[in-house]
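Undergrad: Letter by letter, the chains look like this.
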Amino acid sequence: MMNKFFTGLVKFVDGEFTITTKRKAKPARRHTDHHEPTFKERFTQWHDEKGPAFFKAAYGIASIVICLTMITILLITASFLPEYGNPDNPVNNEVSERYIEKGLEETGSVNIVSGMILDYRAFDTLGESHVLFTASAAVMLLMKKEKRGKEQTDRFSPKRDIIVKTVAQIIIPFLLVYGVYLMLNGHLSPGGGFSAGAVMGAALILFSSAFGYKKIKTVFTEKFIKIVTLASLLFYAGIKCYSFYTGANHIPTGIPLGQPGAILSSGLILPLNIAVGLVVTCTMYSFYSLFSKGEI
Amino acid sequence: MPFVANFPLFCIVITLAGSVATSMLNGKNAFRLNTFIISLCLVMNFSLLVYLVTNPQQITYMMGHFPAPWGNETRFGPLEALVATVFCFVMLVSLISGKTDIFEDVKSDRVNIFYVMINLLMSSLLALVYTNDLFTAYVFVEINTLSACSVVMAKENGKTISATIRYLIMSLLGSGLFLMSIILLYDLTGHLLMVNIHENLVQLMASGDYMFPLTIIVGLLSVGMAMKSALFPFHTWLSHAHGSATTASSSILSGLVLKGYIILLIKVYCRVIGIEIVSQMKVLNILFVFGVMGMIIGSIDAIGETHIKRMIAYSSVAQMGYIYVGISLGTTAGFVAAVFHIIVHAFTKPMLFSAAGGFASASGHKYHFDQLKGAAYRNPIAGVAFVIGSLSMIGIPFFAGFGAKYYLSTAAMTNPGKMWFVLLALAISTVLNAVYYIKALATVYSREGVEDTARRKISKSYTIGMSLFIVANVALGLFYQRIVDILSLGMKFF
Amino acid sequence: MGPNLLNNYFETAAMILFGIGFTTLFLQPNLIKKVIGLNIMDSAIYLFLAAKGYIDGRLAPIVVNGVTDMETYINPIPSGLVLTGIVVGVSVTAVSLSLIQKLYKEYHTLDMDEILTKVSKEGDH
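In order, the protein sequence lines correspond to chains A, B and C. FYI, the numbering used here numbers position 34 of the first sequence as 34, with every residue one higher than the one before it. FYI, the numbering used here numbers position 478 of the second sequence as 478, with every residue one higher than the one before it. FYI, the numbering used here numbers position 21 of the third sequence as 21, with every residue one higher than the one before it.
Simulated crosslink set (DSS-like; lysine-lysine; CA at most 25 Å straight-line):
1. C/Lys-105 to B/Lys-107
2. B/Lys-107 to A/Lys-223
3. A/Lys-226 to C/Lys-102
4. B/Lys-460 to B/Lys-107
5. A/Lys-293 to C/Lys-33
6. C/Lys-121 to A/Lys-50
7. B/Lys-28 to A/Lys-144
Hints listed in this document are in silico derivations from the structure and should not be mistaken for laboratory results.
Given the sequences, and given the hints that come with them, work out the whole structure.
TA: And the structure:
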């Protein structure tokens, strides 16, 4: 009984109350002692009849209690934190000082954040772009349709509305040019690979919903998208492996940093931004097309 | 710096790049490339381990051109190299022995994506073992979560998908708490690298004002990691996720994925917060209580279970309890016992899951005990493996599990306040373990009412994988003293 | 209670949002709302980080006219962390939505409890 109580309690706290295990255990037991209505059986009966309403109410109470406790604890913690906007906070230490004061000289990047994420802390960013890759592979694993007739793809194809078409015609060139600008200027101005990829991905999504899948498939076939992702990610991993290897073994990379502020400057940051931008574009578009029609 | 020091970087990058390359191949070639990559990682990690055992030291490896507080770094000693070697070995053998099931359970045009996920899982585990940076750890924890979920859902049916979403939700809650605690730590100390955070924390603690926020931070972090590694009150997702996935996934999830988070937690306790500060906190007592309850309730749940894979999964809950009890002792001996338990469990549990998979495929893909009668005669090598695994899990002398329990009880001596509880819980849990494992053994070896005991055809890869598992477990049982020596050495350079 | 609760109003807001998001993800039976809770939780963390980077009266960390003085710019680290956080959040959301879509196709409901009841009725093999 203790065990029953605990599992019940736990499942209730867990918020995903189920009767899976108990249900399955039951039929086997019924064969041995099916005459006496045990406490367990009465509990199950009660649970089946009144359970849903009871647990709905319990959910409500539990969520309010947990929410308030959590918020109170966190607020007390927040009250101990250093003051907002104060330049003497512990976060403004020698780390950010070096990023700001030496960043331009050491990475060649005018945009300090780009310099930080793609040079000083590049290992995080390497992982981050692979998180995106993981997600796109996972979505592909789930959403990819089995190969069937063609007519099903056409059924989900968006209606070619005249308003959407006209607006898309005007706006898509600007979006694409702006995306490319963000990608190529990531080391000079706000922007960088991730935001550029989001903008270009949006342009592709708009294109495919305005003009249909057939049009966009003239260039962006599944193979094309896979090859672009593959090339960018392999380039990224390879170049960063080289950079980590030389850094740890104290070998100079031999890559010129160039004149700060020029478009061809800041060493590896520009090619990395391009690679990241392409990966993000392809991932965003493939999310959309996998969700809407089950294939790229 | 010796050349072997580059190997962790090479392993991580090769597995990442391998995952991308695998997505372009078909299933068979994906399996070959994957086996090659993981074997390569195994060789590299093993040579690093040999180097570090002969020249004991902690190597600090800069990831890039900038030293510690500015750039990322990895940091490793004998302990990390040993754990990484074990992870690579177990991953390789689980995949080999589960190969037939993977190709049966996963749709043929998606097998390559399954191997993509395995590669990503491997790289994230290695990164979690080697990294010295909390934010890097967060990023790789997320890769780990997503790829582990994908490995579960690869066998697509309603059951696995609903198990996956429960697993995903629990994991996301865990990573949310983990991220919050990292950021609070960053706010208080201004650093993201473990060693630098520790230096600043010591100064903060000296001023004495920050005990409360620090306790909350450690609490959030521990709860986050406990959710991800299925400590007792958060374990409800585990039996469904591990019970319904394909054989290799269950092996990898229970043997490795849960352990990666615990290694990270131990790292946070030892390297970021510091053993002295952690052992003063009440958080460890909470973990201790949950650990002890997990040891007992996991075993009780396993006794009531009729599905063989779910029974083994509940047994994992109990084993996670052992590991958390080891951690919550708050002493070096306790951490050594916990890591040794991780290694033993990583060898044994995947073997049990593979054996269960073997029984099931020899009995028409049935998993319930009443359908598994006499399964050990239909698949003898799985039977042998199941015997060895069960004896080890129960804790019979000359098997690895005995060593794990022995070291846990000696470690308990270092913490007089908790000693008796640990010994009592160990005794109860051992008896309960014996009950359900012996019941399972009796079922698979029973001849009663079973006509069909003819030997089934067993695939070559399964035989190879299981033989490797059996050899490894027997060897671990005979030579565990050596492993514990390496761990104690590694703890000095942790 | 520490001294800075009312000074840290961004942090306060972030903590409240975090609590709400966490609870929604934890206990809300509707799966889509769970994902919304996840996003609230993530956004709370981004807000918190953005507040951490801010320093009164300083500029965004893009070097202007070659001035590289620490007194001129805000802290660049939280911005980088937010960027990483956003990418991770997008990926996780995509995977959970695709899982939910798959579940909906299988069981025709978004309620987690109903799904689990249906799963347990299915029996197992």
